[in-house]
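Peer 1: In case you want the letters, here they are:
Protein chains: 2
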Amino acid sequence: MIEPKPTHTSLSELGEFGLIDHLTSGIVIKQKSTVKGVGDDAAIIDNGNSYSLVSTDLLVEGVHFDLTYTPLKHLGYKAAVVNFSDIYAMNGTPKQITVGIAVSNRFSVEALEELYSGIYLACEKYNVDLVGGDTTSSKSGLFISITVIGTAEKQDVVYRNTANEHDLICVSGDLGSAYAGLLLLEREKAVFLADPNMQPDLEGYDYPIERQLKPEARKDIIALFNEHHIKPTSMIDISDGLASEIIHICKGSGKGCAIYEEKIPIDISTMNLCDSVNIDPTTAALNGGEDYELLFTISQKDYDIIKGFLEVCVVGHITDESYGINLISRSGQSVPITAQGWDALRKD
Amino acid sequence: MIEPKPTHTSLSELGEFGLIDHLTSGIVIKQKSTVKGVGDDAAIIDNGNSYSLVSTDLLVEGVHFDLTYTPLKHLGYKAAVVNFSDIYAMNGTPKQITVGIAVSNRFSVEALEELYSGIYLACEKYNVDLVGGDTTSSKSGLFISITVIGTAEKQDVVYRNTANEHDLICVSGDLGSAYAGLLLLEREKAVFLADPNMQPDLEGYDYPIERQLKPEARKDIIALFNEHHIKPTSMIDISDGLASEIIHICKGSGKGCAIYEEKIPIDISTMNLCDSVNIDPTTAALNGGEDYELLFTISQKDYDIIKGFLEVCVVGHITDESYGINLISRSGQSVPITAQGWDALRKD
Chain A
1 MIEPKPTHTS
11 LSELGEFGLI
21 DHLTSGIVIK
31 QKSTVKGVGD
41 DAAIIDNGNS
51 YSLVSTDLLV
61 EGVHFDLTYT
71 PLKHLGYKAA
81 VVNFSDIYAM
91 NGTPKQITVG
101 IAVSNRFSVE
111 ALEELYSGIY
121 LACEKYNVDL
131 VGGDTTSSKS
141 GLFISITVIG
151 TAEKQDVVYR
161 NTANEHDLIC
171 VSGDLGSAYA
181 GLLLLEREKA
191 VFLADPNMQP
201 DLEGYDYPIE
211 RQLKPEARKD
221 IIALFNEHHI
231 KPTSMIDISD
241 GLASEIIHIC
251 KGSGKGCAIY
261 EEKIPIDIST
271 MNLCDSVNID
281 PTTAALNGGE
291 DYELLFTISQ
301 KDYDIIKGFL
311 EVCVVGHITD
321 ESYGINLISR
331 SGQSVPITAQ
341 GWDALRKD
Chain B
349 MIEPKPTHTS
359 LSELGEFGLI
369 DHLTSGIVIK
379 QKSTVKGVGD
389 DAAIIDNGNS
399 YSLVSTDLLV
409 EGVHFDLTYT
419 PLKHLGYKAA
429 VVNFSDIYAM
439 NGTPKQITVG
449 IAVSNRFSVE
459 ALEELYSGIY
469 LACEKYNVDL
479 VGGDTTSSKS
489 GLFISITVIG
499 TAEKQDVVYR
509 NTANEHDLIC
519 VSGDLGSAYA
529 GLLLLEREKA
539 VFLADPNMQP
549 DLEGYDYPIE
559 RQLKPEARKD
569 IIALFNEHHI
579 KPTSMIDISD
589 GLASEIIHIC
599 KGSGKGCAIY
609 EEKIPIDIST
619 MNLCDSVNID
629 PTTAALNGGE
639 DYELLFTISQ
649 KDYDIIKGFL
659 EVCVVGHITD
669 ESYGINLISR
679 SGQSVPITAQ
689 GWDALRKD
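Keeping their order, the protein sequence lines are chains A and B.
Here this note's numbering is used: the first residue of the first sequence is 1, the next is one more, and so on.
Here this note's numbering is used: the first residue of the second sequence is 349, the next is one more, and so on.
It is possible that part of the hints are untrue.
[Said to hold, decoys possible] Cβ-to-Cβ under 10 Å is the rule here; a few derived chain A residues that face chain B:
no.: 1; residue: S10
no.: 2; residue: L14
no.: 3; residue: H22
no.: 4; residue: Q31
no.: 5; residue: V60
no.: 6; residue: V99
no.: 7; residue: E124
no.: 8; residue: V128
no.: 9; residue: S138
no.: 10; residue: F143
no.: 11; residue: S145
no.: 12; residue: I146
no.: 13; residue: I149
Don't read these hints as lab results, they were simulated from the structure.
All values reported here derive from a predicted model rather than from experimental measurement.
Idealized CB from N, CA, C, for every residue including glycine.
So here's chain A without its partners, still in its complex pose (with noise of 0.2 Å):
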């Protein structure tokens, strides 16, 4: 007997990446000045002199954002800054962006004119022009969309699938605060809800929950490859959480890696949260996301030029892919990284 084809697949049986491979696994590129599609940070478009770069986020009330504790100025600084993110994680400059957004009219103009301050805000702070968008209503919540366009020299772009064996892996800043500000968060909404007299407990996390709230696009670090003259081997920008971003490396490259969970950089104050949050900080380094840090590799040789970088930490190195990609725990114990980041297209 033939078995009848299934019609009706769920979204969240093939999950966000699964599904954009599903989607786009057919395409065949036809203009030649396309240079990079699908499949890195942003796409790749041949201008003669230099490349542009492209990249789109969408962001979804109730799905990216919760309005009860996001302030739309902090939101529209989010939503430009994410985007900026891709551009650097390219090793490129974000020059110009286009803003959809479509808003139920619960919103009112002054509510959406804040949103868009914390836009020009980001736009002015990361020298960045909005040149276009599109403004439409919604029968409900809010929707943004951001396309941002970026220019490198042909020769900087960094992709994601271009690691070498023996790479030193790095990343910018520290990790998992973005996601321990997003659990106090929601923990002290749960609580203003269960009793509206209940004041947020917030004291002493200002910093997990401005990495939550208002991430920063790592510029300066572009800025230092730049003024060093070092080009990483491979780079991607930590949107999904550190297993995620690695496991993109490692298999774009087909390679294997170790990574070192004493070397992870995790802020003191995260930490702290992370305890009172009773989550385990390096779970939240490898699967909370939304730090928006870079993820690279550079090689050895350049290993004396990064260690001077201040906000720049070694964390382990690219193996043979044979190796597998894997996480050496503090008790030397190696165990597989698996993406569990943040998948938009899950149950809830």
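Assemble chain B onto chain A, guided by the hints.
Peer 2: Quick look at chain B alone, frame taken from chain A:
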């Protein structure tokens, strides 16, 4: 006494164009590569050799489309084509798109495949590459955000605010069909909802229905300009109706115009359909929208060439600003044209 500042202005008070003006009026362009920001069919970025053109459109379920009568494949096709139309309206060529989609979990993988198959079909036909995007979930409904990137030689770009007095006003194809098709589909939906045993009566109206569900962008007209070495003096695509678009051209150019009702091209089956759904065909052409034809002005010296274009009609001429923006009715009366085009932020 000092009046308290109002703190809640509803979106519908400003309308779509008013809101965009309000939110973008303070923009200061910082990048010297930004040639043109908000305010035309597409933004313009200088690449050195040529210009990149960038435009974003957002389509929202329940606002821009109704899945009761819109096949997902058609929707995908239309979502892509309306973006291409913005690039042609600058006298450019669309080259790449990014696609952001947010869907609720009532959609299956197969449904998204249908949507993407329409996008790919449009890309195939217009020779455009899908190079990136974002797929995520929504709490309810389907949102499609497409950004298109095109190119144009610097000297070829046509703006909407550069019409000159005595220029001829031209329209490609015919107008009002997409709106008439929408009214028919809405009527038959209402009939079906009242009695699900009723079959929709769409007989004889293939053309307006196709114009609504599967519009095309006027790549062919841009090719003709190129072939005959003609450059319009101004151009815009007709997404919101002839009235709204000619007002954009005239106000942007600081001019007036006379458009002759009898010259407005309307298809015969659309005429019949307008009769059947009880709407004046001229109203459908002026205020209906979604035709995605090109509205452009040419210098009188190019008339001899343009009159050989089968798919182009001269519908009027540009005047001095003091004359106003007028429709000359069949009876010879001059009536000021006002924008009653479709506004995505109107109150329903």
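Peer 1: If a hint holds in the structure, say so; if it doesn't, say that too.
Peer 2: Results of checking the hints against the structure:
1. Restraint check, S10/A versus chain B: the minimum CB separation of about 7 Å is within 10 Å; hint holds.
2. A cut of 10 Å between beta carbons decides the hint on L14/A: the least distance to chain B is about 6 Å, and the hint holds.
3. Of the supplied interface hints, the one on H22/A holds, with its beta-carbon coming within about 7 Å of a beta-carbon of chain B, less than 10 Å.
4. For Q31/A, the interface hint holds, since its Cβ comes within 10 Å of a Cβ in chain B; the closest pair sits about 5 Å apart.
5. At a threshold of 10 Å, the smallest CB-CB gap from V60/A to chain B is about 5 Å, leaving the interface hint in force.
6. Here the hint on V99/A is kept, as its CB sits about 8 Å from the closest CB of chain B, short of 10 Å.
7. With a cut of 10 Å, the hint placing E124/A at the interface with chain B holds, because the nearest CB-to-CB distance is about 8 Å.
8. Here the hint on V128/A is kept, as its CB sits about 7 Å from the closest CB of chain B, short of 10 Å.
9. Here the hint on S138/A is kept, as its CB sits about 5 Å from the closest CB of chain B, short of 10 Å.
10. Taking 10 Å as the C-beta contact cut-off toward chain B, the hint placing F143/A at the interface holds, the least distance being around 5 Å.
11. Given hint, S145/A at the interface with chain B, holds; its Cβ is 4 Å from that chain's nearest Cβ, closer than 10 Å.
12. With its C-beta approaching chain B no nearer than about 9 Å, I146/A sits inside the 10 Å limit, and its interface hint holds.
13. Against a cut-off of 10 Å between C-beta atoms, the interface hint on I149/A holds, since the closest Cβ of chain B lies about 6 Å away.
Checked against the numbered hints listed earlier, the structure breaks none of them; every hint is satisfied.
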